[in-house]
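Peer 1: Residue numbers (my numbering), protein chains in the order written: chain A, 2 to 314; chain B, 12 to 594.
The hints are simulated quantities; they were obtained by calculation from the structure and are not laboratory data. Hints may contain errors.
As the list claims (entries may be wrong) - 20 Å max Cα-Cα, derived EDC-like pairs, lysine to aspartate or glutamate:
#, chain 1, residue 1, chain 2, residue 2
1, B, 192, A, 47
2, B, 198, A, 76
3, B, 184, B, 212
4, B, 198, A, 58
5, B, 198, A, 93
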Amino acid sequence: MATYVVRRLLQSVLVLLGVTTLAYFILFQTGDPTFLSVSTDATQAEVERVRHLLGFDRPWYIQYGEFLGKAVQGDFGTSLRQGLPVTQIVLERLPATLELSAAAILIALLVAFPVGIISATRRNSVWDQSSMLGAMVGQSAPNFFLGIMLLFVFGGMLNWFPIGGRGQGGPEDELRHLVLPALTLSAFSMARNARLVRSSLLETLGLEYVTVAWAKGLAERAVVLRHALRNALIPVVTVVGLEFGALLGGAVITETVFAWPGVGALVVKAIGQKDFPVVVGCVTMLATVFVTLNLAVDLLYGYLDPRVRATRQ
Amino acid sequence: MRQEIEGQTGEVTWGARLNRRRFLRLVALGAGAGTLVSLGVACQQAAAPAPPKPAESKPGEAKPAEAKPAESKPAAEAKPAQQAPAVAGASPVIVMQGVDANTLDPAFRNSVPEFTMNAHVFSFHTWRDPKSLKIVPEFVQEWKLVDERTWEFKIPSGAKFHDGTPADAEAVKFSLTRQAKQQVGGKPTIQGTFGRLTSFDSAEVVNATTVRMKTKDPAAIVPDLLASVEVMPPGVYADESEANLAKIATQPVGSGAYKLVEWVKDDRVVLEAFDGYWGPKPNIKQVIVKPVPELSTRVLALQNGQADVIVNVAPDQVPIVERSEKGRISKVAGGRNIFIGMRYDRPFLTDKRVRQAFNYAFNFDAVNRALLNGAGTRTKTILNPPHEPPDVKPYPYDLEKAKSLLSEAGWKPGSDGILNKDGQKFSVTLMSPSGRYIKDKEIAQAVQQDLQRLGVEVELKVLDWSVYAGDILNKRDPSEIFLLGLGAPFTGQEELNYIHKDFSLNSTHWENDEYHKLFDELKVTLDDKKRQDLMNQMWAIAYDDPPWIYVYHQVDFYGVSKRIEWEAAATERIRMTEAKLVG
């Protein structure tokens, strides 16, 4: 087990290195950001002077080496636009993104489980077909479109929820601001998990030990929830862990639509403003959370499924 | 035995009490309960009468007169807080911009949202009147030339900064000197323009209300540029250490009509009227500036009374706002000059008749009708008001004239309809950003079609701004023709600098010896009449030998709540000291 954990840790470090390097190179291919640091009336000679001062005229391998050396110590440099340490800027916004993603996954699971279970146990019923149709819509509707529609109906027409921002009037106000973006972000995950619970449960319900449970005369509730669902949960748990990471990526669009002050909105702004250190910092931070969750799920999976643990040992 | 059975059935024992089944049950129960309670509270909150908040306060509810003394701390002590400090009885005005400010340090600010904040927090030395666009007194209430290279400024007595220190002649001397620096704390400043264009030499205090500023060369542009120089307290801004620069970037201290009481990055900035303001007290007691990147969200917020001013309303959204109960549109032809640059250093485009032909071939009226909601006007000159020469007209749309000019220049239609000369096809690439300016790529498409009507083969290349800026700004090497917009100065000299060969954003590489000679003369000419005459001559050159296809001055649409009196300014400045609550 220890070897497995060490191997997975090393793999995670390599993934992070790859992601960071890729982000760095792609951004710098679009041209150096010297123009952020000069006024609009600057002459070409002035631009060259500033480029030299900021070190953007040095060979790429020197710049990259310097970046990497600092990055491994958690220092992603200073924002070209804000003049503040990138780590500080990104960490200030991370709680908002984590809050949004956590709320989204919670909503997704709370809806997905009952829907998936009822669909599986009432297979081919009107409920099953309509809920799976809904799930398909949820999976195919782009976050951007869904967000605007929710805002339009629940924020605009019905005026139930505020439009944009994270709220400033205490926990209740903040919660009201959270509902629509969390619903938007949860849509895809909700739909996918409902389908996954359904298919996984259907598969389990067909196994022999469930037939034995029925034969023993157990009630439907006991057979489904106590016997079948338990085993059907294993693939769901794996997917949910990874999904949390994916939600962080999805938050980019949702945060922009709802003016949610998280890492997603920050990265969009930083790309638009060519604030390269911030972009690389955000990408690395999101990748770190994703990789950590992936690792945690893998390890947890071993605990939940003894067969996996046995294989690893 | 028990362990064995549990292992076979997949039951993992976690310590003595917690097994997998319990773990999952607990997680599900906890999550379910948490969410239900949360949603319950949220919905209850939504259904119940909302607490007094800016967006839902009805007209007439605002009672600024009953406002209690503000409890906010000086900006220097402001910390990100969970709850915005509200001024009791006052109805805050909410301004929604596309992005948040990055820094409020006057030396490094670099965008309109940043200027918007500083326009509230700081006093500026002079100000550009939003209607006449002329320079008017602000903190500097009188100015005069003592000699060719010395300006004298009179300032009010008794003014104070938000931290209680005096905003006096020493502060003005310090502010002019700091803003003229090309580097602060070892970093290149963005606002060094002031120092360069004025050829700033030094500033000195004459007495408590008089300051003199010396320049190396005569510089008539000084009062104009003072409209972009904030008055700063030396005690806060003199320290150039990294720690202090980081602090003042987010905790500005000025002597403006509003002080900053809270800034939650990318969420909101709360500004509150400063009781000790030296000028006329603002009508609005609290202003909240929020960054909302998505336009549809801003429009919805305005329609629902959750915003009072929203920026960058697209022309196709204008009717939606105009139909709304709570909002209206305030539009203005801004100073941002949108143009198609033509590369003088490319053989096809060196001949001025070709560049003239392109201007005649551009059908602006069609663009205006189809894309700009009929609100645009074609750029007449390279100059903005108030320096625009009188009685001048833009290039008219005249396809025949355009064809005849190209024919004179030796371009004849080939068998495929494409113009050619000496066996070479007239083929160019038109580069355009997407989403940087209002309807930018659509305008580029229209230009492409107009030029194709002339028989020119045009390939359109639309790029994301971050890539486009890299090619255009960094390398000065765009395609033969390219769409760009340049900011909104109103000094005349700065607009004319846009086509100067040394200007770093001039990717046309246009050269005209006479123009450059006149520009050098303009820089050191002090007499207003003579300056205008020089500008007129330079405009005439830029019209006859055009480096650009003149497109239009971007029309800016703002959504404005009907409960406030405020009109958009061509300067793109949003300042609520000029607004009034009417509802």
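Peer 1: All the hints need checking, so say for each whether the structure fits it.
Peer 2: Hint-by-hint comparison with the structure:
no., hint, verdict
1, 192/B / 47/A, "holds (13 Å)"
2, 198/B / 76/A, "holds (19 Å)"
3, 184/B / 212/B, "holds (12 Å)"
4, 198/B / 58/A, "holds (16 Å)"
5, 198/B / 93/A, "violated (24 Å)"
Of the numbered hints stated above, the single one contradicted by the structure is hint 5.
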